[in-house]
Amino acid sequence: MIGCQDFCGHYDWTFEYLHREYGDEALHDYWEQAISRDSQRHARALISDKGFQGMSEYWGHTLVEEEAGYIATEAEGLYRIDMYRCPSLGFLLEHGLRHYHDYCEHCMGWIAPIMAENGFSIDHAHNHRGQCWWEIRRAADSKGPSAPGEVAGDHDVRLREDWPAGEEHLFLRSRRAVSGPA
Amino acid sequence: MAAPDFYFAINATFRFIEERWGEEALNRYWEAMGRGYFAPLSARFRTGGLAAVEAYWRDFFAEEPGGEVDVRREGGRVAIRVRRCPAIHHLRTHGREILPRYCQHCRVVSGVIAENAGLSFAMEGGDGACEQWWMEEGEGKR
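Going down the list, the sequences are from chains Y and B. Its first residue numbered 45, the first sequence is counted upward by one per residue in our numbering. Its first residue numbered 9, the second sequence is counted upward by one per residue in our numbering.
The hints are simulated quantities; they were obtained by calculation from the structure and are not laboratory data. Glycine residues also receive a C-beta, built at the ideal position from the N, C-alpha and C atoms. Among the clues, some could well be false.
[Stated by the list, open to error] If we take Cβ atoms under 10 Å as the criterion, some of the chain Y residues that face chain B in the derived model are: (1) I46; (2) F51; (3) H54; (4) T58; (5) E65; (6) G67; (7) I79; (8) D82; (9) Q84; (10) R85.
Construct the entire structure; sequences and hints are all you get.
Set out below in structure tokens:
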């Protein structure tokens, strides 16, 4: 039986399999169709029905269930997550598993379509070491990402000494931007 | 980190592959997973024999949430009686449409793991309850 206890291991392996067998477009389609629309339909429904409150309910439940190390910050027109210890990538690092070259990419792969359909956009960066931050605003809101510490104070993952140690991938308004210090 | 909502993603992954590329593509995915991702498990079973098989599945089902499973050694085989499959139970509880061939992944993936460990595998039932046997060569399931 394929279990949920090592799900992140065979999930990562599946990314590499789909990429190798069917190509990059198929993998991105998998994240959007299978994960975003099918598997995570409960997240889609919460965010569609309740907006920011739905995000809070979804990630509050999910990240606790997955035993993540994170802080969520809610402000007017903004939902922010600072992740210090991603349980998903953490599982791979702990077990020496790395089949697909960019495991972290899958989060934007399934979350961005939900946000786009519900009128939100995402500023986000991850450093491939189990740390990332997310700022979700209404798409009509022209504000860019906050300065480090501006929204989450000392909890801002970008203020950690170990944040720059990994390779940063930055997304602005839900699109991949240049890598580099935030 | 055995979060049961991950069963949603496993079910969705099977559905995506079968709907997009067909039943044989899903079989190939399962076979490749058995040969690739689970290669270390085959090696562990090859080295440790049925004692390793029994220990692995006992620990495995103790971790999977919501299942009711008995694992026992019976001479030259390990019998696994799944009275309540944790995956099917969670998917049903949450009203998810379960891919009709969902249970076939056990037959295919475990079959490949067993073959590469010098063992054989058999399974009867499905749809939330089944019996599985891991056997030394020449051993029957009954």
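We went through each hint and held it up to the structure:
1. I46: 6 Å, holds
2. F51: 4 Å, holds
3. H54: Constraint on H54(Y) satisfied, holds at 5 Å.
4. T58: Holds, because the Cβ-Cβ distance from T58(Y) to chain B comes to roughly 6 Å (cut-off 10 Å).
5. E65: Nearest chain B Cβ about 8 Å off; hint holds.
6. G67: 12 Å, violated
7. I79: 6 Å, holds
8. D82: Since the shortest Cβ distance to chain B is 4 Å, the answer is holds.
9. Q84: 7 Å, holds
10. R85: 8 Å, holds
Of the numbered hints stated above, the single one contradicted by the structure is hint 6.
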